Amino acid sequence: MAKKISILIVDDEESVRDSLFNWFIEDGYHVECAEDARKALTLLESEEFDIILADIKMPGMDGLEMLKRIKALRKDSIVIMMTAFATVDTAVQALKDGAFDYVTKPFDPDDLSHLIRNASKQITLSEENEILKVKVISLENVEDLIGSSEAMKNVLHQIESVAQSNASVIITGESGTGKELVARAIHANSSRKFFPLVSVHCGALSESLLESELFGHEKGAFTGAVYNRKGRFEMADSGTIFLDEIATISQKMQVELLRVLESKKFVRVGGNKEIASDFRVICATNRDLKTMVEKGLFREDLFYRLNVVNINVPPLRERIDDIPLLVEYFIKKYCTSMNRPLITIEPAALKRLEEFSFPGNIRELENMIERAIVVGNGKKISLKDLPLGREVVNPTFESLDDLEKHHISQILSKYDWNISATAKALKIDRVTLYNKIKKYDLKPAGK
Amino acid sequence: MKVENIVLISIGYFETNLLEKVLHEVEHEFMVPVRIKEGHLDLSEYYNPARNQYDANKLLKEIDATFALDQDKTLGIFDVDLFIPILTYIFGQAFLNGRSGIASLYRLRNERYGIKSDEKIFVDRIRKEIIHELGHSFGLIHCSNPTCVMRSSTYVEDIDQKNHHFCNTCKAELMKHETTGK
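Chains as they are written, first to last, in the numbering used here: chain A, 1 to 447; chain B, 1 to 182.
A portion of the hints provided could be inaccurate.
Stated by the list, open to error - Each computed DSSO-like pair below joins lysine-lysine, with the alpha-carbon atoms no more than 27 Å apart: (1) B:Lys171 to A:Lys4; (2) A:Lys39 to B:Lys61; (3) B:Lys176 to A:Lys4; (4) B:Lys58 to A:Lys57; (5) A:Lys4 to B:Lys162; (6) B:Lys61 to A:Lys121; (7) A:Lys379 to A:Lys351; (8) B:Lys61 to B:Lys37; (9) B:Lys61 to A:Lys105; (10) A:Lys75 to A:Lys96; (11) A:Lys252 to A:Lys265; (12) A:Lys219 to A:Lys193; (13) B:Lys58 to A:Lys39; (14) A:Lys105 to B:Lys58; (15) A:Lys68 to A:Lys105; (16) A:Lys57 to A:Lys105.
If you're looking for bench data, these hints aren't it; they were derived computationally from the structure.
The model shown is predicted, which means the values in this text are computed figures rather than measured ones.
Build the full structure now, drawing on both the sequences and the hints.
Have a look at this one:
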C-alpha cells in the first residue's frame with residue numbers, strides 16, 4: 001500500500017493554516033500545523049514530514065532562516081516557501097538555500113495541488129531509487145554462491161526452504177566461508193526482496209556506536225550527532241537486517257536486541273518517540289553460540305529467539321569438489337574486472353589447491369586467485385603464482401617435530417631427493433639431514 | 001452515530017427550487033433523507049473588500065455553530081464568491097468527517113464565463129458539488145477516479161468531466177462510515 005504523504009504547514013496566520021489544513025486533508029494527506037518557526041523545528045526534531053510548506057514572513061525567526069535550520073537537520077527535506085510579497089531576491093535566496101519551490105499567496109487551486117503532486121512524486125522516486133540500489137547490490141552478490149558439492153547443495157536447499165518464511169536465521173561457519181552471501185541469497189529469494197537488505201558488522205563497532213547504528217539517533221544525542229539519523233532497524237523496514245558477528249555484542253546490547261526483536265519497536269538514541277519497523281533478522285557468527293550460552297556469555301532467551309533456523313556453511317576443506325568451480329569463477333571475475341583476457345590454471349596448480357587446507361576458506365582462495373592473475377604471466381596460473389608455501393604454518397602441526405618432518409619432506413620432494421641440494425637449501429650438513437631422514441622415517445614417494 | 005438527515009440550507013437570494021431539483025439524487029447517493037431549509041445570515045460580516053469575495057472559513061464555522069446538529073449532515077448553500085486565504089477561490093469546503101460543509105453556486109453558471117446560460121448544466125454542477133462536499137462530511141477524501149464525484153475539481157470543466165455518483169471504492173468507504181460512523 002502506498003505510504004501516506006505527511007505535510008507540515010508553518011504560518012503565523014491561523015486562517016492560512018486552517019485553509020491549508022482543510023485543503024490537504026481533503027486530498028488524503030497527513031497534515032500538521034505550527035504557528036511559528038520555533039514550534040516547527042521542535043516538531044521536526046521528534047517527527048518526520050515529507051513536505052514542509054512554510055511562510056517566509058513570520059515574526060521571530062523568518063522562513064528563510066528556518067529553511068536553513070531544517071536543511072541542517074535533514075538535508076533531503078522538501079521545503080516549499082510561500083509568501084504574500086513575492087520578490088525575485090527572496091525567491092532566488094530560498095531556492096539557493098535548498099527550497100524545493102516558491103509560491104505566492106493566494107495560489108490558484110490547481111497550482112497548489114500540482115506543486116504537492118510534484119513533490120510527492122519526487123519523494124516516491126527517491127524512495128524507489130534507494131530500494132532499487134539495495135536490490136541490485138543484493139541480487140548481484142547471490143551469484144557468488146558457487147558450488148555443486150553435496151555440502152553446498154544442502155546449504156542451497158536450506159536457503160530455498162527458509163527464504164519464504166519470516167523465521168530468524170543464524171548462519172554459522174568459519175571465517176571466510178561466505179555467510180553474508182548466504183544471508184543475501186535468503187533475502188533475494190524471499191518476499192522481502194524488493195525492500196532493503198541492511199548489513200551491520202557488529203564486531204567492528206563499539207557498544208555505543210552499535211547502539212546508534214542500530215537504533216539511529218536524534219540530533220544532539222551525543223557529540224557529533226549533528227543530524228537526525230535513521231538506524232539500521234528503521235532502514236530495514238519491510239526488508240531484512242543482517243547482523244554479522246552477533247557473538248561479539250555486549251550483554252547490554254543483547255538485552256536491547258531481545259526487546260526490539262520481541263516488540264519490533266525501538267526508540268532512537270536521544271529520542272522519545274517509539275518507532276515501529278517490520279524487519280526479518282538474519283545473524284551470522286563463526287563462534288559456537290550454544291557453548292557461549294552454557295558459559296553465560298550469550299543470553300539464552302536471545303539465542304532461542306534468533307536460532308529458529310540454523311544454517312551451517314561448511315569450510316572449504318570439506319567441499320574440495322567445489323574448488324575447480326570456484327577457481328574458474330574467480331578467474332572469470334577478476335580477469336573481467338581487470339579487463340584481461342580469460343586465462344586458465346595448470347592442472348598441477350589446481351591439484352595443489354585441492355590439497356591445500358585453506359584455513360581462510362573461500363576468501364583465502366579468492367585472494368590467492370586474484371594475486372595469481374596480477375603476478376602471473378597472463379596465460380596460465382602455475383604453481384609458482386600461488387603462495388602455497390604458507391601451508392607450513394598449518395595449525396594441524398602441533399609439535400615442532402611434526403613441523404620439521406613435514407618441511408624436510410617437502411624440500412626433499414622439491415629437490416627430487418637430492419641430498420646435497422636439499423641439505424644446502426635447509427642450511428644443514430648432509431650428515432644431519434641423513435639423521436633427520438632416519439629419525440622421521442622419511443622415504444621418497446612411491447617407495 | 002447513524003446520520004438521520006441531510007439538511008441543505010439555502011442562504012441568500014436564489015431560486016430555492018434549484019435544490020428541489022437535486023434532492024432526489026442526493027438522497028439516492030447517501031441513502032439518507034434530505035431536507036431543504038432556508039437560513040438567514042448577514043453576509044456583510046463575511047465580506048472581504050480587498051478581495052471582493054466572502055471568507056469561506058468563517059462561513060463554514062458559522063454554519064457549523066448555528067445550524068448543524070450532531071445527528072445530521074448540514075450543508076450551507078450560497079450564491080456568493082467564496083475564498084480561503086491561500087486560494088483565489090473555492091467552490092465549497094467541508095469539515096472532513098464533520099457535521100457541516102458549504103458550497104457556492106456563484107462560479108457554477110455558464111454566464112460567469114461568458115458562455116450562453118444552460119439550466120441543465122447548471123443544475124448538474126450543483127448536484128455534483130453538493131454530493132462532493134457532503135462526501136467529505138461523511139469522511140471521504142479526494143478520489144483519483146476521473147468519473148467519481150469525489151474527484152477534486154479546480155474548474156467547472158473538471159466538474160463537467162465527472163458524474164454525480166461515487167465510484168466503487170468511495171461507495172465502500174461510505175458504507176463503512178454508515179456502519180461504523182467513522
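Can you name, in rising order, the numbers of the hints this structure does not satisfy?
-> Of the numbered hints given earlier, those the structure breaks are 6 and 12, listed in rising order.
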